[in-house]
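Chain A is fixed; fit chain B onto it per the hints.
Protein chains in written order, with this note's numbering: chain A, 1 to 116; chain B, 1001 to 1111.
One or more of the hints may lead you astray.
Said to hold, decoys possible - DSBU-like, lysine-lysine: derived pairs with alpha carbons at most 30 Å apart:
hint, chain 1, residue 1, chain 2, residue 2
1, A, K108, B, K1065
2, A, K108, A, K78
3, A, K108, B, K1057
4, B, K1069, B, K1017
5, A, K70, B, K1057
Keep in mind that the hints were calculated from the coordinates and are not lab data.
It should be emphasised that the depicted structure is a prediction, and the values quoted were computed from it without experimental measurement.
The lines below spell out each chain.
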Amino acid sequence: AQTVTQSQPEMSVQEAETVTLSCTYDTSESDYYLFWYKQPPSRQMILVIRQEAYKQQNATENRFSVNFQKAAKSFSLKISDSQLGDAAMYFCAYRRGGGGADGLTFGKGTHLIIQP
Amino acid sequence: EAQVTQNPRYLITVTGKKLTVTCSQNMNHEYMSWYRQDPGLGLRQIYYSMNVEVTDKGDVPEGYKVSRKEKRNFPLILESPSPNQTSLYFCACRGSYTEAFFGQGTRLTVV
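The shape of chain A in the complex, shown without the other chains (with noise of 0.2 Å):
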């Protein structure tokens, strides 16, 4: 079975800064995607970036960037400039590919804390 772990369950970053959220996952599949999903106070899950594993390329969506160690089963998020509004409980999750119908694995969560 697939796990997801991320070890930091909480996080704190001066607004401006930048922070690095750590994911690791465990699989015996060569195809998969991984995804990080933020949940801010309203509860919504809201996709931040997606990663193929057959793609070299790390994913980037502007300030939000991940470090894809494929070898290493590491998934890490890097948000640069940090917001106020990026306050929220982030996931890290994996879904084989192959046109499988099972869902997302999630790992724990990390809430990350923006300090004015």
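This is chain B only, laid out in the frame that chain A set:
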């Protein structure tokens, strides 16, 4: 607008009283799932479906039922709720190669 709609958003019920949480999507996606979110545990998958009349158990299916009679709807049924089913529930849908789109969540309290 692409949407996944869950109802109700909040529900307080008593032990043993059957309830249904509805989920509807307008994206014509094949795949739908239910998750529960508990503090310190993240989100865990309850059931998933790959199309009409095709459902399968996720990681924590005990005490839940689902049905998929129409592509757009995927209700979650608790036949006899218990306090350990107090949780935040999410419905999600996705296409074959897309990310998952989530509903707004249903906060369920069983007393």
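Going through the hints against the structure:
In summary, the hint linking K108(A) to K1065(B) is supported, as the alpha carbons are separated by about 25 Å, within the 30 Å threshold. Taken as a hint, the K108(A) and K78(A) pair is honoured in the structure, with Cα atoms around 18 Å apart against an allowance of 30 Å. Distance hint between K108(A) and K1057(B) is fulfilled; the C-alpha atoms sit about 21 Å from each other, no more than 30 Å. Annotation: proposed proximity of K1069(B) to K1017(B) holds, straight-line Cα distance about 23 Å (limit 30 Å).
Distance check on the hinted pair: K70(A) and K1057(B) sit about 29 Å apart at the alpha-carbon level, within 30 Å; holds.
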